[in-house]
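All chains, please: the whole structure from these sequences, using the hints.
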Amino acid sequence: MQRNAIKTSFLILSDTHAEKGLAIPSIPVDVAIHCGDLTEESKLHEFQTSLDLLRRVNAKLKLVIAGNHDFTLDKTAFQKKGTHTFNLQNGAKLTVYASPYTPSLEADDWGFQYKRGEHHEFNITNDVDVVITHGPPNGVLDRAVSKQRLGCEDLFAAVARARPKMHCFGHVHSGWGAKLVAWREVPSEKPSHFSDINNGESVSVESLASILPGKWDAEDVIREKEKRLGDLRRIGYRRTSHCVGDDEHPIKVGSNTLFVNAAIQGHEDGTRFPWVVDIELLAAVSLERD
Numbered sequence: 001m002q003r004n005a006i007k008t009s010f011l012i013l014s015d016t017h018a019e020k021g022l023a024i025p026s027i028p029v030d031v032a033i034h035c036g037d038l039t040e041e042s043k044l045h046e047f048q049t050s051l052d053l054l055r056r057v058n059a060k061l062k063l064v065i066a067g068n069h070d071f072t073l074d075k076t077a078f079q080k081k082g083t084h085t086f087n088l089q090n091g092a093k094l095t096v097y098a099s100p101y102t103p104s105l106e107a108d109d110w111g112f113q114y115k116r117g118e119h120h121e122f123n124i125t126n127d128v129d130v131v132i133t134h135g136p137p138n139g140v141l142d143r144a145v146s147k148q149r150l151g152c153e154d155l156f157a158a159v160a161r162a163r164p165k166m167h168c169f170g171h172v173h174s175g176w177g178a179k180l181v182a183w184r185e186v187p188s189e190k191p192s193h194f195s196d197i198n199n200g201e202s203v204s205v206e207s208l209a210s211i212l213p214g215k216w217d218a219e220d221v222i223r224e225k226e227k228r229l230g231d232l233r234r235i236g237y238r239r240t241s242h243c244v245g246d247d248e249h250p251i252k253v254g255s256n257t258l259f260v261n262a263a264i265q266g267h268e269d270g271t272r273f274p275w276v277v278d279i280e281l282l283a284a285v286s287l288e289r290d
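Sequential numbering from 1 applies to the sequence shown in UniProt numbering.
Because the hints were derived from the structure by calculation, they are not lab data.
Predicted model only: the values in this text are computed from it and were never measured.
Accuracy of the hints is not assured; some may be wrong.
The calculated DSS-like cross-link candidates involving lysine-lysine, where the alpha carbons are at most 27 angstroms apart (straight line), are [what the hints assert, rightly or not]: (1) K93 <-> K115; (2) K60 <-> K179; (3) K62 <-> K225; (4) K81 <-> K190; (5) K62 <-> K179; (6) K43 <-> K20; (7) K93 <-> K60; (8) K43 <-> K81; (9) K115 <-> K147; (10) K75 <-> K43; (11) K190 <-> K93; (12) K43 <-> K80; (13) K252 <-> K179; (14) K227 <-> K252; (15) K179 <-> K147; (16) K179 <-> K190; (17) K190 <-> K147; (18) K7 <-> K252; (19) K20 <-> K62; (20) K80 <-> K115; (21) K115 <-> K43; (22) K60 <-> K20; (23) K225 <-> K147; (24) K62 <-> K80; (25) K93 <-> K215; (26) K93 <-> K7; (27) K179 <-> K225; (28) K7 <-> K60; (29) K225 <-> K215.
Pairwise CB distance ranges, derived in the manner of DEER restraints [to be verified]: (30) A182 <-> V285: 29 to 39 angstroms; (31) Y114 <-> H84: 16 to 26 angstroms; (32) G82 <-> L51: 22 to 32 angstroms; (33) S146 <-> Y114: 15 to 25 angstroms; (34) H45 <-> K115: 27 to 37 angstroms; (35) H84 <-> V285: 11 to 21 angstroms; (36) K75 <-> E40: 12 to 22 angstroms.
Glycine included, each C-beta is placed from N, C-alpha and C at the ideal position.
Structure follows, in structure tokens:
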């Protein structure tokens, strides 16, 4: 572990859509993050269901943003996006950038949306540790069932320039998973997932493809995936840790970003799980003294 770095745990979930009876991990964490779509139809009783769910989360700090289904929150009071800093109880300082906005074919389809293809500004600065958005960036954990990429190009470019430790989101249910991206040394003039990701050094932590049997999978591969899925169902969450000195794939500041799609509403197969993620943050005290 790096000097002045504090191991910090996050519970990340998204797209709960006021579904009743969701199993929430009881494991204690430093920070819980909900990446939006607390409701299905943005009704008051649905928000109450989601608030009841969040009360069950064992976290010192809980951060929640809206999603496109939460359209009754698309009012001036809830539209603010930007950067926020928190001193955590574990002694770390956490700086986040948060935005509920997602692209759409029609900007008035749902809440917090803008027309796909039109420029949307994400002012993510280099001091941000964690980016929280409802939708994914273009090219990372954003494929629909149709295989179309639904992520935002402007969001990818902003994240590629800032290179935060982690970017968490949801929205695209079929994109559930996590990927530790290795960035190319110098950002391109117009960053994209084609030009700015070093795929040879990047690591897929987990995806639906790694836990669900595929059409061409051999029998031993199917058995292994079934066992993996069974283990996740029994535990109730997927954990991953990326700390220097402790883990096989640590996050190197400025060189890596961990992307997490935490959309947990799936089909009836119950194959989406919350994420528990360990990363390192700088100590708040050391920052104040510098």
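- prompt: Regarding the pair K81 and K190, is the alpha-carbon distance no greater than 27 angstroms?
  reply: Measuring from Cα to Cα gives roughly 23 angstroms; hence the hint holds.
field: Given hint K7 paired with K93 - CA-CA distance at most 27 angstroms
entry: Holds: K93 and K7 sit about 11 angstroms apart, inside 27 angstroms.
message: Holds or violated: the 29 to 39 angstroms window for the beta-carbon distance between A182 and V285?
response: Given range 29 to 39 angstroms: holds, Cβ gap about 31 angstroms.
- prompt: Does the Cβ pair S146, Y114 satisfy 15 to 25 angstroms?
  reply: holds, 22 angstroms
- prompt: Given the hint that K43 pairs with K81, does the C-alpha gap stay at or below 27 angstroms?
  reply: holds, 23 angstroms
query: Straight-line Cα separation of K7 and K60 no greater than 27 angstroms?
result: holds, 15 angstroms
query: Regarding the pair K43 and K20, is the alpha-carbon distance no greater than 27 angstroms?
result: Roughly 14 angstroms separates the two Cα atoms, so the pair holds.
message: Between the alpha carbons of K179 and K225, is the straight-line distance 27 angstroms or under?
response: Status holds; Cα separation ~18 angstroms.
message: For K60 and K20, compute the direct alpha-carbon distance and say whether it is at most 27 angstroms.
response: Distance of about 24 angstroms is within 27 angstroms: holds.
- request: Decide if the proposed pair is consistent with the structure: K43 and K80, CA atoms, cutoff 27 angstroms inclusive.
  value: Satisfied, since the Cα-Cα distance of roughly 21 angstroms is no more than 27 angstroms.
task: Sort out whether K225 lies within 27 angstroms of K62, counting only the CA atoms.
output: Cα-Cα ~32 angstroms, so violated.
message: Between the alpha carbons of K252 and K179, is the straight-line distance 27 angstroms or under?
response: holds, 14 angstroms
Comparing the model with each numbered hint stated earlier shows that hints 1, 3, 11, 14, 25 do not hold.
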